[in-house]
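*Asks:* If you want the building blocks of each chain, they are given just below.
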Amino acid sequence: MSHTKVFGRRSVLRGGLAGILATSTMPLFFTRGAYAQEFCNAPTGDTVTFGFNLPLTGAYAEEGADEQKAYELAVKHLNGEGDGGLINTLKPTVLKGNGLLGKKVVFVTGDTATKADQARASATRMIERDGAIMITGGSSSSEAIAVQGLCQEMGVIFMAGLTHSNDTTGKDKKRYGFRHFFNAYMSGIALGPELAKAYGKDRRAYHLTADYTWGWTQEESMRQATEALGWQTAQAVKTPLGAGDFSQYLTPVLNSGADVLILNHYGNDMVNSLTQAVQFGMRDKQVNGKQFEIVVPLFSELMAKGAGPAIKGIFGTSNWHWALPDEGSKAFTKSFGAEYGSPPSQAAHTAYVQAILYADAVERAGTFYPPAVIKALEDFEFDGAGNGPTLYRGADHQCFKNVLVVRGNESPTSQYDVLNVVREVPREEVTYDPAIFGGDLGPAEPVPLCA
Amino acid sequence: MFDAILLQFLNGLDKGGAYALIALGLTLVFGTLGVVNFAHGALFMLGAFCAVAFRQILTLETVTIDPTQLNPWGQPLEIRTPLVQGWFGDFGAVLVDWSVPVSILLAIPVMALLGIAFERGLIKHFYKRPHAEQILVTFGLAIVLQEIVKSVFGANPIPQPMPAALQGAADIGALIGLTPGVITYPLWRLVYFLFSLGIIGGVFAFLRFTTFGMVVRAGMADRETVGLLGINISRRFTFMFGLASVVAGLAGVMYTPLLPPNYHLGMDFLVLSFVVVVVGGMGSLPGAVAAGFLLGILQSFASMTEVKAIVPGIDQIIIYLVAVVILLVRPRGLLGRRGVMEA
Chain A
1 MSHTKVFGRR SVLRGGLAGI LATSTMPLFF TRGAYAQEFC NAPTGDTVTF GFNLPLTGAY
61 AEEGADEQKA YELAVKHLNG EGDGGLINTL KPTVLKGNGL LGKKVVFVTG DTATKADQAR
121 ASATRMIERD GAIMITGGSS SSEAIAVQGL CQEMGVIFMA GLTHSNDTTG KDKKRYGFRH
181 FFNAYMSGIA LGPELAKAYG KDRRAYHLTA DYTWGWTQEE SMRQATEALG WQTAQAVKTP
241 LGAGDFSQYL TPVLNSGADV LILNHYGNDM VNSLTQAVQF GMRDKQVNGK QFEIVVPLFS
301 ELMAKGAGPA IKGIFGTSNW HWALPDEGSK AFTKSFGAEY GSPPSQAAHT AYVQAILYAD
361 AVERAGTFYP PAVIKALEDF EFDGAGNGPT LYRGADHQCF KNVLVVRGNE SPTSQYDVLN
421 VVREVPREEV TYDPAIFGGD LGPAEPVPLC A
Chain B
1 MFDAILLQFL NGLDKGGAYA LIALGLTLVF GTLGVVNFAH GALFMLGAFC AVAFRQILTL
61 ETVTIDPTQL NPWGQPLEIR TPLVQGWFGD FGAVLVDWSV PVSILLAIPV MALLGIAFER
121 GLIKHFYKRP HAEQILVTFG LAIVLQEIVK SVFGANPIPQ PMPAALQGAA DIGALIGLTP
181 GVITYPLWRL VYFLFSLGII GGVFAFLRFT TFGMVVRAGM ADRETVGLLG INISRRFTFM
241 FGLASVVAGL AGVMYTPLLP PNYHLGMDFL VLSFVVVVVG GMGSLPGAVA AGFLLGILQS
301 FASMTEVKAI VPGIDQIIIY LVAVVILLVR PRGLLGRRGV MEA
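Protein chains in written order, with the working numbering: chain A, 1 to 451; chain B, 1 to 343.
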C-alpha cells in the first residue's frame with residue numbers, strides 16, 4: 001500500500017508565500033487597470049490630448065489669441081521642443097520635457113466667443129468628440145464658472161485661464177476646477193492703499209460695471225476697499241458685456257458729483273470705455289476742487305496697448321508682468337518673445353503656467369486619473385513660475401502669490417513699455433479665509449464617466 | 001437735472017446720426033428698387049474697413065535690425081520706420097494723423113463700385129421674387145462679406161484714432177452760459193453729427209434740385225409711367241443703389257474712431273436700422289432720418305440713472321418698445337406712405 005504525501009512543509013510554505021505576494025500585489029494591477037479605463041478619456045494610445053477653450057472672438061478675443069500662443073508654447077516645451085521655458089525654473093518639478101507619462105502631448109482648440117454657453121458647448125465637444133483629458137482656457141469668469149461646472153459633471157480637470165471673479169474659487173468653486181489667476185478681492189486689498197496714497201481719502205467714486213459675475217464681484221470688492229478708505233460711492237451702474245459705445249453710460253458721470261470713475265471693465269470693453277471717457281474730457285476735469293481721476297482695477301498690457309495714450313497714469317492691478325525680474329518671468333518672456341516677437345501678456349502667462357502645472361501634477365501622481373492629479377495639485381507649493389513662492393490652496397483651489405499694483409506708463413520707450421509696476425504686494429497681505437466666499441468643492445470620487 | 005437732460009440729448013445726436021445715415025440708405029434702396037436689403041449693415045461695416053485698410057497702407061513700415069541693441073527677450077532690436085513719413089516727412093505724419101477723414105476719398109469710389117457690382121451681379125436677379133427671397137439672398141451676402149472681412153482683418157476690433165486736433169471735448173455748457181466743465185461733448189462726436197447732417201442734406205438736395213433726382217423721385221412714385229416716357233429708370237436705380245452704398249460706407253468710415261470696427265459691426269447696426277426704417281415709415285426718406293435721430297436720442301435718455309431707477313433695463317429695450325407702440329398707433333410708421341409694403 002502506497003502512501004501519498006499531500007501537503008509537505010515546504011509546499012505549504014511556498015504556497016503561503018505565493019498567496020501573500022499575490023494578495024498584496026493584485027490590487028495594484030487591478031487599480032492600474034481601473035485607472036486606465038474607468039475615467040473620462042483615459043489615454044490609450046501614444047498621445048494625450050489637451051483641450052484649449054479660448055475666446056478667439058468677442059469682447060476678450062485679444063486675450064484669447066495670446067492664451068493660444070502660450071498654450072502652444074507650453075505643449076512644445078512639454079514635448080521637449082524649444083528652450084524648455086518654465087520647465088527649467090519651476091521648483092519643485094519632475095517634468096523632463098519628454099511628454100507626459102511617456103505620451104506625446106497634442107491639443108485641440110475651440111472658440112468660446114467670450115460667451116458662457118458657447119464655452120460650455122465647445123468644452124463638451126472637446127471632451128466627447130476629441131477625447132480631451134484636461135480642459136483649460138477662457139478669459140471671462142462666466143465662461144470659467146460654466147466650464148468648471150461642466151468639468152465637475154464629466155470628471156475632467158479644468159485649469160482656468162484668465163478669470164478674476166471671486167465666485168470662480170468662491171461660491172462656485174469645484175473640485176475639478178483650479179485657478180492660478182488672482183481675484184477681485186485681492187485686487188481690492190492690493191489697490192486700496194495705493195489709491196489712498198495717490199488720491200487721498202475724501203473721494204466720491206462712480207462705478208461702471210460689466211454686468212456679469214466678474215463685474216459684480218469686482219465692483220463689490222472695490223467698493224469694500226474704497227469705502228474702507230473713507231471714499232463715498234456716488235453711483236454704481238451696470239453695463240452690458242460688449243456694449244461697444246459706452247457714451248450713454250459715461251454722460252451721467254459728468255454731472256454726478258463724482259470725482260473718480262472706476263471702470264470695472266475688461267478687454268475690449270475697457271479699451272472702449274476708457275478711451276471714450278477720455279474723449280469726454282474726464283481726465284481734464286476738476287470736480288469738488290480735485291482733479292477727476294479714472295481707475296481700472298484690472299488691466300493688462302494688451303488692454304493698455306489698445307487704449308493707447310488714454311492709459312497713461314491710470315492705476316490698476318495685474319496678475320503678472322513680463323518685466324518682473326525673477327528667473328521664471330525672465331525665462332518665460334524670453335521663450336515667448338523668441339517664438340512670437342512680442343512679450344507675453346498676463347493672460348498668456350497664466351495659461352502657460354496652468355498647462356505646465358497640470359502636466360507636473362500628472363507626472364508627480366504617476367497617472368492621469370483625475371482624483372490623483374487633483375490630490376497632487378492641492379496645497380502644492382512651488383516657485384519659479386513668476387510672482388515668487390506660490391501656493392495652490394487645497395481648500396478652494398485658488399493660487400496665492402504676490403499681486404502687482406500697476407500704473408499706465410507716462411513716458412513709454414517702446415510699444416510694449418506701457419505699464420509700470422508700482423508695488424508688488426506680498427502674498428501674505430492678499431491671503432484670506434476661504435470661508436468668506438462660501439461654496440463647496442464637491443467630491444473628487446466617484447469619478448464621473450463622460451461617455 | 002437740466003444738465004443731465006442736455007447731456008443725454010447731445011449724446012443721442014451722434015448715435016442718431018449713424019442710425020439716420022444707415023436707415024437713409026436702406027430706404028433709398030427700398031424706395032427705388034423695392035428690395036429689402038439685409039446686406040446694408042455689411043456696407044456700413046465695409047466702409048469702416050475702408051478706413052482701416054487706408055490706415056494700414058499709410059502705416060506700412062520698413063524694418064531694419066539694429067544688432068547693437070537687444071529687445072527685452074534678448075534678440076536684436078527691430079527698428080520700424082513708416083514709409084509714408086519716410087517719403088513725405090511732416091506731411092506724411094499729418095496724413096497718418098488724419099487718416100480717418102482722408103480715407104473718405106478711398107471709400108467713395110470703392111463703396112460705389114461695390115454697390116453697383118452687388119446690384120448688377122446679384123440683387124437685380126431678385127427684383128421680381130418675393131420679399132422673403134430678397135431677404136434671404138441679401139442676408140447671405142451680408143454673411144459672406146463679413147466672413148471675408150474676418151479672414152482678411154481678423155476677428156478683433158481694430159481701433160482707429162481720430163486726428164489729434166479733434167481729440168478732447170468741447171465745453172458746450174460754457175458756450176451757452178452754464179457752469180464750465182459740466183456739459184462737455186467729445187469733438188469727434190460733434191463732427192460726426194455735423195457730418196451726418198451734411199450727408200443727409202446732400203442726398204435730399206440731390207433728389208430735390210437735380211433733374212436726375214427728379215426722375216428718380218418720379219420713378220419711386222410710379223416706375224411704369226416713367227418707363228413709358230422712354231426713360232431708362234433701371235440705370236438710374238442702379239446708380240441709387242451705388243449712392244446708398246456710399247452713404248452707408250461713409251457713415252461707417254467716420255464712425256471708426258467712436259467704435260473700433262470688427263467684422264460683426266454691420267450686424268450690430270442692421271437690426272436697429274431696420275427698426276428705424278419701420279418706425280420712420282417704409283420708403284419714406286424724411287421718416288427714416290427723423291426716426292433715426294428720435295430713436296438715438298430716446299436710447300440715450302433711457303440710459304439716465306433716474307429713468308433706469310423707475311424701469312430697470314429700459315435702455316436695452318427702449319428702441320423696440322417705441323417700435324411696438326408706433327406700429328400699434330400708426331401701422332405705416334411716422335411718415336409712411338399708403339400702399340408701400342401693403343398687398
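A hint or two may mislead.
[Stated by the list, open to error] Calculated lysine-lysine pairs in the PhoX-like style (CA-CA distance at most 25 Å, straight line): (1) B:Lys308 - A:Lys238; (2) A:Lys330 - A:Lys76; (3) A:Lys171 - A:Lys197; (4) A:Lys197 - A:Lys330; (5) B:Lys308 - A:Lys69; (6) A:Lys201 - A:Lys171; (7) A:Lys171 - A:Lys96; (8) A:Lys305 - B:Lys150; (9) A:Lys290 - A:Lys330.
FYI, nobody ran anything at the bench for these hints, they're computed from the structure.
*Asks:* Take the hints in turn and mark each one as holding or not.
*Replies:* Quick rundown of the hints versus the structure:
Straight-line distance between C-alpha atoms of Lys308 of chain B and Lys238 of chain A comes to about 11 Å, which keeps the hinted pair within the 25 Å bound. Note on Lys330 of chain A and Lys76 of chain A: the hinted pairing holds, with a Cα-Cα distance of about 18 Å set against a maximum of 25 Å. Between Lys171 of chain A and Lys197 of chain A the CA atoms are separated by roughly 33 Å; this puts the pair beyond 25 Å, and the hint is violated. About 30 Å separates the Cα atoms of Lys197 of chain A and Lys330 of chain A, which puts this hinted pair outside 25 Å; it is violated.
As the CA atoms of Lys308 of chain B and Lys69 of chain A are separated by approximately 42 Å, the hinted pair breaks the 25 Å bound. Between Lys201 of chain A and Lys171 of chain A the alpha-carbon distance is near 32 Å, which puts this suggested pair outside the 25 Å criterion. For the hint linking Lys171 of chain A to Lys96 of chain A, the alpha-carbon distance of about 37 Å lies beyond 25 Å, and the restraint is violated. The hinted pair formed by Lys305 of chain A and Lys150 of chain B meets the criterion: a straight-line CA distance of about 21 Å does not exceed 25 Å.
Restraint check for Lys290 of chain A and Lys330 of chain A: the C-alpha separation of about 40 Å exceeds 25 Å, so the hint is violated.
Comparing the model with each earlier hint shows violations of hints 3, 4, 5, 6, 7 and 9; every other hint is respected.
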